[in-house]
Amino acid sequence: MTTTSTEHRVKGGVGESIRRADGIPKLTGNFAYASDLFHDRMLWGATLRSPFARARIVRLDVAPALAMAGVLAVLTQEDVPGEPLFGLERRDQPVLADGETRFWGEPVAIVAADDQETAKRAVASIIVEYEELEPLVDSEIAQQSGEIFRHARIRRGDPDAHGDIVVEGYYEMGSQDQAPLGTEAGLAIPDGEGGVDLYATSQWVHADHEQIHSCLGLAPEAVRCHPTGIGGAFGAREDMNMHIHACLLALRTGRPVKMVYDRAESFVGHVHRHPARMWYRHEADADGQLVRVEAKLILDGGAYGSTTAAVTANATYFAVGPYRVDTAVVDGYGVRTNNPPCGAMRGFGAVQSCFAYESQMDRLAAELGLDPLELRRRNALGHGDPMPTSGQIVTGSLPTVEVIDALAAIPLPAAVDSEDARHLPGGTGLTTPAAAVRRGIGYALGIKNFAFSEAFDDFSEARIIINPAGAEVHTAAVEVGQGLISVLQQIARTALGMENVIVVFDDTGQIGSAGSTSASRQTQVSGRAVLDASTALRAQILERYHGDDLDDRGVWKDGEMVATLDEVCADGPVEHHIRYRHPATEPTDENGQGNPHAGFGVAAHRAVVDVDPELGLVRVVRIDTAQDIGKALNPQSVIGQLEGGTLQGVGLAVMEELVIDGGEIRNASFTDYLLPTFLDAPPMEIRLIEDPDEWGPFGAKGIGEPPTISSTPAVVAAIRNATGRALYRSPVRPQDIVGL
Amino acid sequence: MIIELTINGEARTATVAGSESLLTTLREELALPGAKNACEQGECGSCSVLMDGTLVCSCLVMAADCDGAAVTTIEGIASDGVLNAVQHAMHDAGAVQCGFCTPGIVIAATNLFAEDPHPSPDTIREALAGNICRCTGYGAIMRALEQVAEGSS
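Taken in order, these protein sequences are the chains called A and B.
Residues in the first sequence are numbered from 15 upward in steps of one, following this note's numbering.
Residues in the second sequence are numbered from 60 upward in steps of one, following this note's numbering.
Treat the hints loosely; a few may be bogus.
In silico SDA-like links for lysine to any residue, alpha-carbon gap of 20 Å or less [claimed, not checked]:
hint, chain 1, residue 1, chain 2, residue 2
1, A, Lys25, B, Asp151
2, A, Lys310, A, Leu51
3, A, Lys25, A, Ala483
4, A, Lys310, A, Asp345
5, A, Lys571, A, Ala550
6, A, Lys310, A, Ala175
7, A, Lys645, A, Glu30
8, A, Lys310, A, Ala553
9, A, Lys645, A, Asp345
10, A, Lys310, A, Val181
11, A, Lys310, A, Gln158
12, A, Lys310, A, Gly188
13, A, Lys134, B, Gly77
14, A, Lys134, B, Glu87
15, A, Lys25, B, Glu87
16, A, Lys134, B, Ala129
17, A, Lys134, B, Ser78
18, A, Lys310, A, Val180
Some residues of chain B that are not near chain A, with every Cβ distance over 10 Å (derived) [said to hold, decoys possible]:
hint, residue
19, Met121
20, Ala123
21, Ala173
What follows is a set of in silico ranges between Cβ atoms, one per label pair, in the way DEER data are often shown [unchecked claim]:
hint, chain 1, residue 1, chain 2, residue 2, range
22, B, Glu63, A, His53, 24 to 32 Å
23, B, Asp124, A, Gly206, 53 to 61 Å
24, B, Ala188, A, Glu143, 21 to 29 Å
Hints listed in this document are in silico derivations from the structure and should not be mistaken for laboratory results.
Every residue gets a Cβ at the ideal spot worked out from N, C-alpha and C, and that includes glycine.
With these hints in hand, go ahead and build the complete structure from the sequences.
See the structure below:
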């Protein structure tokens with residue numbers, strides 16, 4: 015063979031902004047989401063939910079539903095054959111209510127029927143007599159009553175250390191809904207041998223699998239959870255919702271069962287961001303160097319555990335922000351109430367405390383007469399520093415000062431110069447003349463860890479298979495929209511030297527866990543697994559033929575082909591399978607000291623707002639950001655994450671809040687829960703700071719969460735700057751600005 | 060009742076219940092799941108289709124009112140597998156993440172450009188204000204649509 019090779023750099027590898035493999039199917043309506051799945055003889059499931067935040071079930075009579083034509087099954091807690099409880103961190107939530115309902119919307123019974131309408135009518139026909147009980151809905155009372163999921167405690171430094179300059183503040187953050195556009199949905203298909211296959215919205219199919227098979231009372235291999243099309247997640251897909259229910263109904267009826275929540279049910283069917291109350295005291299010396307930070311945080315976990323313990327830990331470990339301080343005293347409480355359960359949402363605890371500590375940093379800057387960015391620069395945490403809370407040394411990159419400087423260098427927009435109503439607060443409602451507008455500018459920094467913490471065994475499995483057509487990346491990591499397919503494809507291309515790479519999502523029976531699509535971890539952890547497996551497989555193939563290069567055609571040596579891909583695969587596909595674990599983390603001691611985290615990243619935002627102070631209307635004119643990303647594996651995707659995450663933070667600053675009253679969500683619809691639209695979304699300028707990290711592939715860091723952390727306090731700071739109001743809570747409502 | 064309508068140029072019939080929405084008919088009866096159900100209140104635009112050339116939220120249209128109508132869904136936008144200018148620009152700009160809003164945005168933007176081939180960025184934002192995207196922050200979508208408006212895509 016005389017074919018010659020030239021030194022090749024594979025197309026579509028790391029660093030390029032490749033087109034998404036799922037882009038065209040999604041653009042043409044041909045991408046199958048969980049809610050689009052159909053099956054022959056498929057039934058529809060529906061859920062009866064508690065109308066009370068807390069009640070005892072006195073009588074539950076499902077006979078009227080069972081008697082309806084077209085109804086095939088009605089199940090209650092008595093019909094759960096296995097473990098009656100599920101949960102991510104602690105199994106404390108009944109699959110179906112166990113005699114007492116503990117939050118508004120708790121599932122009580124489930125129905126399978128021929129069609130969705132019949133299923134819903136059957137649900138409505140079930141007779142339940144409740145004895146309403148007094149719900150616990152105040153998180154402070156819950157904390158005082160000892161209703162605590164976790165108390166995370168930090169005692170670091172000299173307890174007697176104090177600074178001359180002291181600022182104290184109390185802050186609140188409302189509950190945010192992830193509001194992924196795709197609601198909870200799935201299809202459970204019985205396998206005819208007593209087992210079941212589930213295709214449902216998820217962020218981690220293996221964690222689902224563990225809870226599902228035990229609640230069904232089935233052996234692990236009898237249940238397979240399959241990755242499927244998911245319309246966004248942002249934390250809302252970490253916990254079980256319809257998963258066990260659909261499987262129970264499918265196994266009971268012997269027929270496929272589909273369940274899809276409508277928007278109103280989605281609002282009660284998934285966990286939310288924890289509302290928080292936060293008390294802070296910052297002490298600094300006259301130069302603005304932080305001396306001591308004290309904080310007490312209460313996060314309302316709602317009725318069941320979900321991930322409240324880990325969220326509380328995060329809020330506590332990141333309670334000071336990306337700043338150096340020798341003395342920190344922090345008590346974080348995740349409490350149990352009868353409010354809707356809270357759990358994961360983008361930022362995972364770091365969002366709440368960031369709003370408070372950045373508000374404090376601004377007050378401190380004002381007290382000292384310092385520029386807000388200068389105060390942050392003077393205290394900036396960096397590589398080699400101990401974390402202000404846990405004391406863990408930052409061994410990876412942490413270019414906080416570079417992030418601040420890059421943000422400060424972005425030009426500011428021109429002053430209000432338009433009478434075009436579309437550019438004014440209130441928009442075409444024509445509420446606000448330009449002369450009434452006050453402009454404000456605000457800054458904020460935030461810090462977040464990546465991957466799982468506190469000794470969690472956090473790993474990802476990947477299998478690379480080479481066959482004559484090219485390479486396949488096998489993983490159970492869940493693509494929720496963030497662009498995982500592209501990044502895994504790019505990593506495998508670069509590492510293998512091959513362009514023909516596809517990503518195959520395996521079910522739980524085919525490959526081990528890839529861990530959760532959360533904690534900004536998949537690019538880092540599953541990306542590293544794919545990198546290591548690809549690198550090893552390439553080395554293995556080159557060694558076999560004593561070659562020096564591999565591409566889509568085969569193996570090369572000194573510019574000549576020594577084996578075609580067909581020859582490489584003559585005895586069948588060649589493959590390499592690995593389980594990658596990131597550097598181990600540790601639990602902390604009784605003072606919260608130790609090495610709980612696997613790495614950190616910082617981001618900063620600058621918001622510019624125009625405010626009508628008389629009506630309390632805000633227009634976010636623009637919001638710019640700089641972020642510490644390690645390395646951009648796909649710059650277009652990185653920018654997409656930063657823009658999208660930032661807008662979620664803007665929403666939390668000015669419009670997004672679940673209104674919860676007596677445990678009941680009062681705005682469980684897109685009419686009443688406001689999300690930013692095209693008209694609300696400000697333009698953004700973005701600076702990517704690339705300072706390679708320790709273990710992520712090619713130095714990459716997680717990038718998904720930091721944009722949602724510092725954006726909120728930056729916008730609120732800008733509103734304070736425009737109005738002079740203290741604004742202690744987020745989101746800022748018109749009445750807060752007007753001072754009602 | 061039985062309705063007869065033209066969907067993406069093809070004559071179809073459907074049996075619909077009295078209160079059924081066009082969205083339900085498309086998704087459940089006619090095997091056209093491209094229009095998405097995300098709010099069922101006309102707030103998010105995920106279910107957008109063209110009905111006799113008018114942009115509508117199919118969740119708010121009674122299927123019974125579509126007897127004799129011509130409906131264009133996302134499945135009918137690309138012709139013979141060739142993306143239209145909006146789809147093409149969105150693909151190139153990275154304007155698709157989870158993609159649940161994408162069909163509605165493609166329909167609404169295609170409708171806008173049919174009426175106004177060179178809209179300003181402000182006009183694009185207003186025209187798309189009924190389409191919520193939770194993933195992108197709208198940045199990449201705006202870059203794509205501004206390219207189409209400039210005729211450079």
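Results of checking the hints against the structure:
no.: 1; hint: A:Lys25 x B:Asp151; result: 16 Å, holds
no.: 2; hint: A:Lys310 x A:Leu51; result: 47 Å, violated
no.: 3; hint: A:Lys25 x A:Ala483; result: 17 Å, holds
no.: 4; hint: A:Lys310 x A:Asp345; result: 5 Å, holds
no.: 5; hint: A:Lys571 x A:Ala550; result: 18 Å, holds
no.: 6; hint: A:Lys310 x A:Ala175; result: 18 Å, holds
no.: 7; hint: A:Lys645 x A:Glu30; result: 12 Å, holds
no.: 8; hint: A:Lys310 x A:Ala553; result: 53 Å, violated
no.: 9; hint: A:Lys645 x A:Asp345; result: 35 Å, violated
no.: 10; hint: A:Lys310 x A:Val181; result: 15 Å, holds
no.: 11; hint: A:Lys310 x A:Gln158; result: 13 Å, holds
no.: 12; hint: A:Lys310 x A:Gly188; result: 17 Å, holds
no.: 13; hint: A:Lys134 x B:Gly77; result: 17 Å, holds
no.: 14; hint: A:Lys134 x B:Glu87; result: 16 Å, holds
no.: 15; hint: A:Lys25 x B:Glu87; result: 42 Å, violated
no.: 16; hint: A:Lys134 x B:Ala129; result: 31 Å, violated
no.: 17; hint: A:Lys134 x B:Ser78; result: 15 Å, holds
no.: 18; hint: A:Lys310 x A:Val180; result: 16 Å, holds
no.: 19; hint: Met121; result: 15 Å, holds
no.: 20; hint: Ala123; result: 16 Å, holds
no.: 21; hint: Ala173; result: 17 Å, holds
no.: 22; hint: B:Glu63 x A:His53: 24 to 32 Å; result: 28 Å, holds
no.: 23; hint: B:Asp124 x A:Gly206: 53 to 61 Å; result: 43 Å, violated
no.: 24; hint: B:Ala188 x A:Glu143: 21 to 29 Å; result: 46 Å, violated
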